[in-house]
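Dock chain Z against chain L, hints included.
Line by line, the protein sequences are chains L and Z. Taking my numbering, I'd label the letters of the first sequence as residues 28 to 438. Taking my numbering, I'd label the letters of the second sequence as residues 57 to 316.
A portion of the hints provided could be inaccurate.
Stated by the list, open to error - Restraint-style ranges between C-beta atoms, simulated for each label pair: (1) Val105(Z) to Ser366(L): 16 to 22 Å; (2) Ala424(L) to Lys208(Z): 44 to 50 Å; (3) Val105(Z) to Glu220(L): 47 to 53 Å.
Said to hold, decoys possible - Below 25 Å or equal to it, Euclidean Cα-Cα: the simulated PhoX-like pairs (lysine-lysine) are: (4) Lys61(L) to Lys180(L); (5) Lys149(L) to Lys123(L); (6) Lys59(Z) to Lys320(L); (7) Lys140(Z) to Lys59(Z); (8) Lys272(L) to Lys265(Z); (9) Lys285(L) to Lys272(L); (10) Lys57(L) to Lys80(L); (11) Lys227(L) to Lys320(L); (12) Lys280(Z) to Lys272(L); (13) Lys180(L) to Lys140(Z); (14) Lys375(L) to Lys435(L); (15) Lys395(L) to Lys435(L); (16) Lys118(L) to Lys75(L); (17) Lys87(L) to Lys57(L); (18) Lys280(Z) to Lys395(L).
What the hints assert, rightly or not - Chain Z residues, not near chain L, derived (Cβ > 12 Å throughout): (19) Leu144; (20) Leu220; (21) Arg259.
If you're looking for bench data, these hints aren't it; they were derived computationally from the structure. The C-beta atom is built at its ideal place from N, Cα and C for all residues, glycine as well.
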Amino acid sequence: MKAVLFIFLSFVSFSFYATEITVCETCEIKSIKKAVEVAESGDTIRVKPGIYKENDIVIKDKSITIIGDDFPVIDAEMQGTAISISAEAFKIEGFKIINIGRSHTSDFSAILVSNSTNFEIKNNRFDNIFFGILIERSNNGRIIGNRVTGKAKSQAHSGNAIHLWKTEEMHIENNYLEGVRDGIYLEFTDDTEIINNVCKNNLRYGLHFMFSDGNTYSGNLFENNGAGVAVMYSKEILMYRNTFKNNWGSASYGLLLKDITDSELKQNTFEENTVGISADNTNRINYIENDFKSNGYAVKIRGGCYNNVFERNNFLYNSFDLTYNGHSNENTFNGNYWSNYSGYDLDKDNFGDIPYRPVSLFSYLVDKTPESIVMLRSLFIDLIEFSEKVSPIFTPANVLDEQPYIRKIQW
Amino acid sequence: MFKILKYSFFDLFRSRWSFVYFFFYLLLGLVLLFLNNDLSNAIITLMNVIIVLVPLIGTIFGIMYFYNSREFTELLLAQPIARKHIFLGQYLGVAISLALSLVLGLGIPFIIYGLFESSAIWDFFSLLVVGSFLTFIFTALSFGIALRFENKIKGFGMAILMWLFLAIIYDGIFLLLLMYFQEYPLEDFALAASVLNPIDLSRTLILLKLDISALLGYTGAVFKSFFGTTKGSIISFGVLLAWVILPIWGMLRLASKKDF
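Isolated chain L, as found in the complex (with noise of 0.2 Å):
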């Protein structure tokens, strides 16, 4: 909020002595690198209709507000970036910015932000891009309601719609990213907010923290990525109210977390993904009140994972609740819905009378042997795991739901 007003506070000082100077194809400055060049701090650029074809406009230390007139064309012809800026306060609104050179060497991308504060890029579009928005060294810029479209075809030969590093307290929102490697990508980024984007068939990751520590992403929609989100190495993440959804082939995950610790899930959405969220060597993250819904694998727990809880989640038609590696158990499932529970509740306490056990037989096997994986849906299977409930010898005693519910959780 902070950021936001004096975003807001040096906009209105600025104006009172602030010119506008217009671009546009018959106009005294026909384009934007020209207009730039011009212009002093303070100043507003606004862009007519046209087609601008255009790169390396650098603006260095100039505070500018650049506003293109419904959606001028910034091409940059294959040949590095359209826009690299080192500045504080600026704005970019309403450019349509398109074909980005690919490269091996350099991060080529449409608006390339570096060492700024309290910046804004807003409503802008992007097509056929390598990189789109990529921040480095810089903190307090929002980046809002944005919609990068590209065509990527392999992970080598793409970038990302939005790629952080080094970053602090940034805020991304209503950002609609499509047909990337990743659409959102923070390294060594802090204290941001992500909300409301829709991150949709993209190659690789939804969203990507590598390093990035203190986040929130909330409200966001992961559909038909690679993967939907992948949160590594990094700590105190709050996620809330995603949906993950369709994320599916032999490979894909809704929520891949590895080497994280201290972190919330909370009222998320797991639907028809091949693995819901697949946790490696994860400590103390509470998972509260999620759906998990007609997933392959609802939750995969592997190694080195303590101290987490499960509380209060449904789990919905899941061809596998969930797996897990060794016997010992340092983490609590006790309160969940779970659709395959075939107990019974004599005393009307809306928890169910016996235990359930989440660990089915067949994960186990599965698990120690991928390839017994074939016998999905055979008869012999289903005897077994009956005669396993029975009696449980194989799946690891101590996994089990002490008071599962008997309903499913409204929450």
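Okay, now just chain Z, sitting in the frame of chain L:
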């Protein structure tokens, strides 16, 4: 041969067993669709039923029919008709009427629920093809067993054992081998083992058609790359066909040698 086929076929119709079978599937289809209201989900549940029940019903039906019509068979044998034609005719009569009950019994409710507008039509179609194949395979096997054993109890026992073996015990041995040799690369073995058993093959074929195949991970990818190619489809189709032809051939050989 066609006369005998026709006779067996209508005999089954008159004895109402085909109708019982038909109504069973009709009810099953309607209830499944009523509860699921989603065609592709219903198809998965139906697959579970088909790969267990169709072989069982084919086996029991085949062996029951053979023992029941034994006197009539002996009467036919006294006539100047080739043995091959008698047994082939009876076999086809039973198998075709069972397959027809299956196809119609399941087809009608699915058509009512809008199968033709659904994208699941090919999955459903392959389900029916596989179901029909299983009917033909297990009826032939049970005819062979009935010919081999005069004693009804023995014959029934053997037929049930045959079903148990292919439906359950085979998978148990298969799983044991997988667990025992888990240090080795087992994809090719798993592939071969599931192609050789008609029930496993049918299950795999349908599972791979449904998009559940992504669950199967690396092994699934190996399977998909095999069954997805023309070569794979030809091989699996050929194996199913061989499972029909070999038991029929064995049955006919037994029949021609047998002293009635």
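Here is what the structure says about each hint:
The beta-carbon spacing between Val105(Z) and Ser366(L), approximately 20 Å, falls within the hinted interval of 16 to 22 Å. The hint said 44 to 50 Å for the Cβ distance between Ala424(L) and Lys208(Z), and at roughly 47 Å that hint holds. Roughly 50 Å separates the CB atoms of Val105(Z) and Glu220(L), a value that falls within the hinted 47 to 53 Å. Distance hint between Lys61(L) and Lys180(L) is unfulfilled; the C-alpha atoms sit about 36 Å from each other, more than 25 Å.
Of the pairs offered as hints, the one joining Lys149(L) and Lys123(L) holds, with about 11 Å between alpha carbons and a cut-off of 25 Å not exceeded. A C-alpha spacing of about 55 Å is found between Lys59(Z) and Lys320(L), which places the hinted pair above 25 Å, so the restraint is violated. Restraint check for Lys140(Z) and Lys59(Z): satisfied, since their Cα atoms lie roughly 13 Å apart, inside the 25 Å limit. Distance hint between Lys272(L) and Lys265(Z) is fulfilled; the C-alpha atoms sit about 21 Å from each other, no more than 25 Å.
For the hint linking Lys285(L) to Lys272(L), the alpha-carbon distance of about 20 Å falls within 25 Å, and the restraint holds. For a cut-off of 25 Å, the pair hint linking Lys57(L) to Lys80(L) stands: about 11 Å separates their Cα positions. At roughly 19 Å between alpha-carbon atoms, Lys227(L) and Lys320(L) fall within 25 Å of each other, so this suggested pair holds. A C-alpha spacing of about 23 Å is found between Lys280(Z) and Lys272(L), which places the hinted pair at or below 25 Å, so the restraint holds.
For the hint linking Lys180(L) to Lys140(Z), the alpha-carbon distance of about 60 Å lies beyond 25 Å, and the restraint is violated. In summary, the hint linking Lys375(L) to Lys435(L) is supported, as the alpha carbons are separated by about 15 Å, within the 25 Å threshold. Our distance criterion of 25 Å between C-alpha atoms is broken by Lys395(L) and Lys435(L), whose separation comes to about 32 Å. Proposed proximity of Lys118(L) and Lys75(L) is supported: the alpha carbons are some 17 Å apart, at most 25 Å.
Taking the CA atoms of Lys87(L) and Lys57(L), the gap is near 20 Å; set against the 25 Å cutoff, the hint holds. Annotation: proposed proximity of Lys280(Z) to Lys395(L) holds, straight-line Cα distance about 22 Å (limit 25 Å). With a minimum CB-CB distance of about 31 Å to chain L, Leu144(Z) clears the 12 Å threshold, and the non-interface call stands. Residue-level check failed: Leu220(Z) sits 10 Å from the nearest beta carbon of chain L, not beyond 12 Å.
At roughly 6 Å, the least C-beta separation between Arg259(Z) and chain L is not larger than 12 Å, which violates its mark as non-interface.
The earlier numbered hints that this structure contradicts are 4, 6, 13, 15, 20, 21.
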